[in-house]
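Protein sequence lines, in the order shown, are assigned to chains A and B. Per our numbering, the first sequence starts with residue 1, numbered consecutively. Per our numbering, the second sequence starts with residue 316, numbered consecutively.
Worth flagging that the hints you see were computed from the coordinates, not collected in a lab. Some hints here could point you the wrong way.
[Said to hold, decoys possible] Chain A is faced by these chain B residues, among others (derived, beta-carbon under 7 Å):
| hint | residue |
| --- | --- |
| 1 | T476 |
| 2 | S477 |
| 3 | P548 |
| 4 | V566 |
Given the structure is predicted, the values throughout are model-derived calculations rather than measurements. A virtual CB, placed ideally from N, CA and C, is assigned to each residue, including glycine.
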Amino acid sequence: MAQYITKRLMFTLLVLWLVSIIVFGAVRMIPGDVCKIVAGTPDVDPRQCASIRADLGLDHSVTRQYISYMSGVVRGDFGKALISKRDVWGEIRTRIPLTLELTLLATAFALMLAIPIGVVSAMRQDQPLDYGLRFLTIGWLSIPSFWLGTMLVVFPARWFSYSPPVGYVDIWQNPLKNLEQLYLPAIALGLALSASLARITRSSMLEVLRQDYIRTARAKGLRERALVLRHALRNAMIPVITLFAIQFGVLLGGTVVLESIFSLPGLGTLALTAVQIKDYPQIQGLVLFFATVLVLINLAVDVSYAWIDPRIRYN
Amino acid sequence: MAQYVDRWLRRGISRRAALRGGALATASAAFLAACGSDDKKSSGTTSSGSGGGGGNTGLLASATAKPATTKQPKPGGSFAFQISAPPPSLDPYTQTSFLNSYVNGLTYSRLLRFKAGVPEVAPGDFSMEPDLAQAMPEQPDQQTLTFKLKKTKFHNGRDLTSEDVKYTIDRYLNFDKSVHKSLWSFVDSLQTPDAQTFTIKTKYPYADAIQQVGGMLGAYISPKEHAESNDAPTKMVGSGPFIHTEYQTGVSLKFKKNPDYYDKPYPYFDDVTVFIVTDTAKRVADFSAKSVDLSWLFLPEERDQLKKQRPDAKFEETQGIGGYIYMRADKPPFNDKRVRQALSMGINRKAIRDAISKGEGVPDQIIFVGFAGWARQVKDLGAAAKYWDHNPAEAKKLLEAAGSPKLEFDWHHADAAVYTQAYVDTATLTQAHWKEIGVTANDKQAPYAQYISTTYQGNYEGIGHSPRAVFDKMDFLSERLYMSAAGQRGRINLSYINNAQLNTLLDKQRGQFDVEARKATVKEIESICAEEQYEIYFSTDTRTYFWDSKIENYRPTSFFPYTHVMKTWRDA
Chain A
1 MAQYITKRLM
11 FTLLVLWLVS
21 IIVFGAVRMI
31 PGDVCKIVAG
41 TPDVDPRQCA
51 SIRADLGLDH
61 SVTRQYISYM
71 SGVVRGDFGK
81 ALISKRDVWG
91 EIRTRIPLTL
101 ELTLLATAFA
111 LMLAIPIGVV
121 SAMRQDQPLD
131 YGLRFLTIGW
141 LSIPSFWLGT
151 MLVVFPARWF
161 SYSPPVGYVD
171 IWQNPLKNLE
181 QLYLPAIALG
191 LALSASLARI
201 TRSSMLEVLR
211 QDYIRTARAK
221 GLRERALVLR
231 HALRNAMIPV
241 ITLFAIQFGV
251 LLGGTVVLES
261 IFSLPGLGTL
271 ALTAVQIKDY
281 PQIQGLVLFF
291 ATVLVLINLA
301 VDVSYAWIDP
311 RIRYN
Chain B
316 MAQYVDRWLR
326 RGISRRAALR
336 GGALATASAA
346 FLAACGSDDK
356 KSSGTTSSGS
366 GGGGGNTGLL
376 ASATAKPATT
386 KQPKPGGSFA
396 FQISAPPPSL
406 DPYTQTSFLN
416 SYVNGLTYSR
426 LLRFKAGVPE
436 VAPGDFSMEP
446 DLAQAMPEQP
456 DQQTLTFKLK
466 KTKFHNGRDL
476 TSEDVKYTID
486 RYLNFDKSVH
496 KSLWSFVDSL
506 QTPDAQTFTI
516 KTKYPYADAI
526 QQVGGMLGAY
536 ISPKEHAESN
546 DAPTKMVGSG
556 PFIHTEYQTG
566 VSLKFKKNPD
576 YYDKPYPYFD
586 DVTVFIVTDT
596 AKRVADFSAK
606 SVDLSWLFLP
616 EERDQLKKQR
626 PDAKFEETQG
636 IGGYIYMRAD
646 KPPFNDKRVR
656 QALSMGINRK
666 AIRDAISKGE
676 GVPDQIIFVG
686 FAGWARQVKD
696 LGAAAKYWDH
706 NPAEAKKLLE
716 AAGSPKLEFD
726 WHHADAAVYT
736 QAYVDTATLT
746 QAHWKEIGVT
756 ANDKQAPYAQ
766 YISTTYQGNY
776 EGIGHSPRAV
786 FDKMDFLSER
796 LYMSAAGQRG
806 RINLSYINNA
816 QLNTLLDKQR
826 GQFDVEARKA
836 TVKEIESICA
846 EEQYEIYFST
856 DTRTYFWDSK
866 IENYRPTSFF
876 PYTHVMKTWR
886 DA
């Protein structure tokens with residue numbers, strides 16, 4: 001197990017290094033002149049441009065820029081944002097709690113819907129309830145989160161003159177207000193995920209319910225509730241967790257638009273703003289951060305298989 | 316997407332509302348009668364007021380003064396408004412964004428400020444009043460302006476003296492990252508005879524010096540110790556009515572009352588919060604839910620929705636950012652004015668207005684047609700007015716005469732993120748109209764940051780498309796039309812115009828202090844631009860402000876600084 005984790009960690013580092021090269025190169029291939037963005041105006045003379053470029057270290061070769069950047073990254077220094085001059089990692093760090101909270105709320109919402117729907121649907125296979133739930137989940141799957149987010153802004157305002165509180169309040173300052181600000185984007189973010197998870201839960205449950213050990217448990221007179229929750233559901237969770245890991249990237253991507261729609265100061269808003277103003281250091285820092293998170297989640301998921309299903313071993 | 320959805324949702328209601336909209340129709344009819352148009356059926360909107368009973372106040376920037384409020388001010392309380400995007404930086408020296416101007420105007424003083432922003436002053440009135448200056452400047456001759464300063468302190472507690480004003484203007488002129496050098500290029504010397512006296516000597520008689528001193532950009536006075544600190548992009552330290560207390564990047568800015576503000580009894584509010592809300596639907600929702608006191612940038616669709624959802628709210632329309640096309644007039648085929656004229660005649664402006672602004676607006680030209688007295692309506696531009704008519708047959712003839720019966724080129728523009736979907740829709744519709752006259756424009760859409768740093772620099776081939784900028788002084792014309800003898804383009808002379816007659820007239824108007832004489836010169840400039848079609852204008856549009864009915868002594872302006880919020884109170 002330890003050897004497996006070590007191997008995976010080494011592979012993770014390799015992936016992150018490749019990501020850093022791709023991101024570093026890609027942001028420099030975007031058309032447009034960074035000095036005019038920093039100046040905030042087209043009216044910028046060559047002397048001013050040269051000064052800005054020197055400040056940003058862009059007057060060196062790309063290789064030297066990359067080495068300089070990566071030596072900073074390994075020390076935890078992702079550089080300074082282009083215009084605000086704020087510390088890139090500082091900006092990311094302060095926004096992690098909100099995005100994490102939003103993602104967790106969306107996940108919780110998705111799981112609360114998906115697992116019962118998937119289980120009930122499997123238990124009532126090919127009955128009207130199953131058809132109804134499958135129809136519902138296909139519908140949810142078809143709704144893009146940004147569209148749903150917009151609807152959740154527009155309709156409550158039109159019908160009830162309701163809108164979540166403006167601004168942002170930290171959960172530790174005012175938990176209720178914080179929740180009121182986040183529940184609508186969490187629903188918008190979590191609904192599509194819940195549909196995917198419900199469908200995979202259903203099919204996985206159907207497979208497990210046909211296994212011999214389930215039949216044996218039933219024959220022994222185990223109550224249906226215990227059979228489903230203790231034996232079938234746990235074993236049906238492996239593909240669900242795999243899908244969840246894959247979908248986590250989609251979830252993070254969804255925060256970019258939803259945080260913007262709901263004016264929430266999370267990583268998504270930061271990413272969108274950084275892209276809009278071509279803030280290279282901020283974009284690089286964010287992509288590296290997101291890549292790291294995704295790679296680590298995948299690693300955690302692989303490791304969790306063994307915990308969920310002791311039959312799985314890594315030797 | 317949000318805007319599309321929102322528009323779709325409102326369309327049905329808007330149509331029904333339009334049938335009932337007597338007040339708006341009356342206003343539109345009055346405006347149509349006054350302005351004319353390039354077609355028989357176009358209309359404009361000029362409404363303002365409270366609830367459904369908006370009164371006709373005239374055309375946007377030329378909207379007239381209203382009676383001053385007679386209510387007694389009630390100090391205290393808080394005020395919240397929205398802006399549509401985060402300012403790129405809060406540093407007034409390195410930014411020209413209108414978003415900066417909003418918030419800079421709350422914290423920083425200028426020597427002078429716009430009078431506009433209260434009911435008794437029209438929103439587009441250029442007039443200035445003293446801000447940090449005790450009075451309007453003494454002008455012993457046309458090249459000297461002497462200001463006596465009020466005694467005050469910066470928000471960091473240090474006394475503000477004439478040396479600080481000198482430092483500020485010197486920094487706008489000479490700081491290598493300053494983006495306002497050209498605005499102050501008329502300055503010859505800056506003098507500080509004593510701590511409360513400040514003198515500007517100009518290189519030549521410059522008629523717009525006062526406008527620059529109190530203008531929208533490059534006029535905010537800040538202490539050296541802050542201007543040169545690393546905090547400048549994220550923190551504001553001025554001497555204005557409100558002290559900047561917090562900036563939650565991309566979300567909000569908070570301000571508190573400056574208790575030592577020199578213009579008593581202002582400001583009335585104890586706290587001001589500026590929420591940054593990029594999504595139009597969310598801005599509408601927040602104002603509908605009474606989460607904010609003031610919001611802006613609403614096109615007719617959103618305006619009508621808000622009028623329905625907040626019948627109690629006050630509203631007024633101001634100049635929008637109707638767009639224009641620029642092109643490489645220094646190169647074929649656009650160096651032939653017949654091609655430029657044909658392109659203008661190939662646009663069905665009415666169809667565009669019908670599609671994106673509920674039919675509202677009138678044809679626009681180089682000087683925003685709302686500036687009554689300075690600008691003429693398109694119909695009054697003489698023989699050149701015909702270039703605003705949609706006349707595909709005539710356009711084809713002009714193209715054939717120019718030897719370009721079939722044309723193909725690139726159309727560069729930004730995406731909808733900052734300039735709204737209406738701007739992108741205008742491009743799409745125009746490209747379709749041009750097909751009729753044998754012109755193929757290949758759509759080249761770019762992210763805003765890319766567009767502003769490439770095409771908007773003049774780095775393009777073919778044509779470009781941009782919203783128009785707001786005038787806060789008439790010499791703004793030089794920035795878009797002037798070419799020096801050395802071949803230096805005006806800052807946004809994006810059509811590479813180099814017309815000797817225009818250059819002479821631009822030099823002339825710059826030094827004309829006699830308003831009537833200057834208007835006559837501007838009229839000549841206007842006529843040349845109408846004939847030459849260096850820049851092809853679409854139609855005016857409107858952006859409506861909405862504010863809570865309990866907010867008193869407030870009126871929107873055509874300009875961006877929000878300094879006038881200090882004169883506002885809540886009539887609880």
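Hints versus structure:
The interface hint given for B:T476 is broken, as the beta carbon of that residue sits about 28 Å from the closest beta carbon of chain A, more than 7 Å. Annotation: interface hint on B:S477 violated; nearest CB of chain A at approximately 28 Å, more than 7 Å. Taking 7 Å as the C-beta cut-off, the interface hint given for B:P548 holds, the closest approach to chain A being about 5 Å. Below 7 Å, beta-carbon pairs count as interface contacts, and B:V566 has one with chain A at about 4 Å; its hint therefore holds.
Checked against the numbered hints above, the structure breaks hints 1 and 2 and satisfies the rest.
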